[in-house]
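Line order of the protein sequences matches chains A and B.
The working numbering applies: residue 37 is where the first sequence begins, and numbers increase by one.
The working numbering applies: residue 37 is where the second sequence begins, and numbers increase by one.
Everything labelled a hint here was simulated from the structure, so no lab data went into it.
Do not take every clue at face value.
Coverage of chain B stretches by chain A, computed from C-beta distances (three or more under 8 angstroms per stretch; other residues unrestricted) [to be verified]:
no., region
1, 55-69
2, 80-89
3, 95-106
4, 132-140
5, 258-266
6, 344-355
Not close to chain B: a few residues of chain A, all C-beta gaps over 12 angstroms, as computed [claimed, not checked]:
no., residue
7, Asp170
8, Gln273
9, Trp315
10, Leu328
A virtual CB, placed ideally from N, CA and C, is assigned to each residue, including glycine.
In case you want the letters, here they are:
Number of protein chains: 2
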Amino acid sequence: MTYIRQLRTSKRILMGPGPSDVHHRVLNAMATPMIGHLDPEFIEVMDDIKEMARESFLTKNELTFVVSGPGSAGMETCLVNLLEQGDEAVICQHGVFGGRMKEIAERCGAKVIHVEAPWGEPIDPEDVRKALQDCRPKIVAIVHAETSTGVLQPLEDISRMAHDAGALFVVDAVTSFCGTELRVDEWDIDAIYTGTQKCLSAPPGLSPVSFSPKAVEAINNRKVPVQSWFLDLTLVQDYWKGAKRAYHHTAPVSALFALREAFRIVLEEGLKHRWQRHWENHILLKEGLEELGFEFLVSPAFRLPMLNAVKIPVRLDEAEIRGRLLSEYNIEIGGGLGVLAGKVWRIGLMGESSTPNHVHLLLSALKEIMATTK
Amino acid sequence: MTYIRQLRTSKRILMGPGPSDVHHRVLNAMATPMIGHLDPEFIEVMDDIKEMARESFLTKNELTFVVSGPGSAGMETCLVNLLEQGDEAVICQHGVFGGRMKEIAERCGAKVIHVEAPWGEPIDPEDVRKALQDCRPKIVAIVHAETSTGVLQPLEDISRMAHDAGALFVVDAVTSFCGTELRVDEWDIDAIYTGTQKCLSAPPGLSPVSFSPKAVEAINNRKVPVQSWFLDLTLVQDYWKGAKRAYHHTAPVSALFALREAFRIVLEEGLKHRWQRHWENHILLKEGLEELGFEFLVSPAFRLPMLNAVKIPVRLDEAEIRGRLLSEYNIEIGGGLGVLAGKVWRIGLMGESSTPNHVHLLLSALKEIMATTK
């Protein structure tokens, strides 16, 4: 047998596109001794999570729960349950994650109407309006916070257009949830998924989701079963709701303990204060980065507070600097993704990682490194 | 905002069908501060896990890794990657989980040839042989340890038949893995999935899997993409292998820390010793239960050591006794599933829950309760 030594990791400062730093209260909750997934005490944990997820999504949607997989599984849950072979789907893409939605929709056998914006810009509602003139889509899907570009997508106009066209409005809120304004009911969002490892600051691996009554109706009226048994909401919903929980799969007990505590921290702080904190630390970082000569990829009106995409001057070896930040300072920031690989950094200020100390640490480390590499 | 109190759970003794008790070393490893999922230190963690998973599966299969979802997601991974529309699939069913495989295979558009055995008995290889006379299946799939019935299914004969028929051999090892003899290479298993919350004694939520080179070839030669983007191995494998990890989704970092420690504990004990321990505690429990007048559902030759299904005498209110075990003694055992609901108990002795103390506690609690309910 090969000898595998005891786990020994460095104390990282997480300022990439996620995961973000996790509060010790969340780590401790996760290490709670195991209980059964059908234990009455665990049913209560699931109920607490549903209630806090609703409060955090600002929704009354009954079908609000947590998919037992990461954000991509949440994305797939929304799309495979709503789309059937031959359905039309307007998929907006202004970065990597819109592209992923398109690919999943195509694998559902949907006919995708693709609305694009250049990476670093939001989708123009006018383009959605045009696309909707020539089709009768089942859904219009869009990313609220494009983690690959740092763009905050305004949603209200597009939501209205989607509904005027008789479509359901599907939103990716993986990076925006609990870090910037997001109002599921007020903005009339029919299906939404998020992740746990961004502004919620829980470990990665779960995906809170919420579905409007209209979306639930669409799912219950499907002509053929969902292609995925694991993600089929007609089955999963009976595991998460009602007095009698119908066994479907075994819920990730420890990860849900952690998520419960992360939600408690979010609601103790209050959503508005949390949005405000993310904004203030973004401004602090922005001022420091501009002093160092960096420019943002995204124009001010559409910048995400929790994911700052800055362009790399050609004279800098971005991979080397990122490597030194990690190895010498224990600071993780993100490189570019897709067409932006090598061209931008993605600096996260998410959840527990959105503090002035994080900003100061990164700026002083960057200053030191750049002084020695110029 | 609703006030949600701090988490407060009871110290349960887990003797149901999973999750099992988790060692404090595993809980502590899970509570390690977060690091990034593309951090070089985390890549090492993934490598350690792949290596220990191979040792525990007794395989050299390169494509051995961990699906970022529970056992059911592992099941779906195996089936949706191997099966395409119109493929024939021999699915053996002798309990709930064989039925789940059948349902997933049907959702893949496969033509299922169904081989059945009564619940509580293993599949008769002769029935598989007959089924194989009239079809040219892509796979033969079977459950090694049927958690719903307590049956241990001998695999070697059926593996040989599957290969003679040109099929791939797919095995559900959710409950058997690390608790009873299982030899992936020697038994010529082409695709196998398991769970973490049974004899591995890690928290639920992940599914170690392994694929033979022949299975990998079948996946790479598919005519159409896998219906699930999230579970598509042509994408996922690039995240788990090679020097450059291609981002696919965000791995559940903390759960993998926990799994790494659980594997370390398995290999410190040694597979054979672990199988032996599970057997010895099963015998101890069996003797005690028989003294109390209980009969096993399964005949001695096919009993699982880690999941003991015993029949409930009609005079006993099984739900009441299970409820009292939990509320008065903090002991969880499992009720029956599917057609066995209300008719059997499923008593787990899995991983950290397979100790003489667990057996003694349960027997003495049962004795007390039955003395007051007779």
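Hints, verified against the model:
no.	hint	result
1	55-69	holds (count 11)
2	80-89	holds (count 4)
3	95-106	holds (count 3)
4	132-140	holds (count 3)
5	258-266	holds (count 6)
6	344-355	violated (count 0)
7	Asp170	27 angstroms, holds
8	Gln273	15 angstroms, holds
9	Trp315	21 angstroms, holds
10	Leu328	23 angstroms, holds
Checked against the numbered hints listed earlier, the structure breaks hint 6 alone; every other hint is satisfied.
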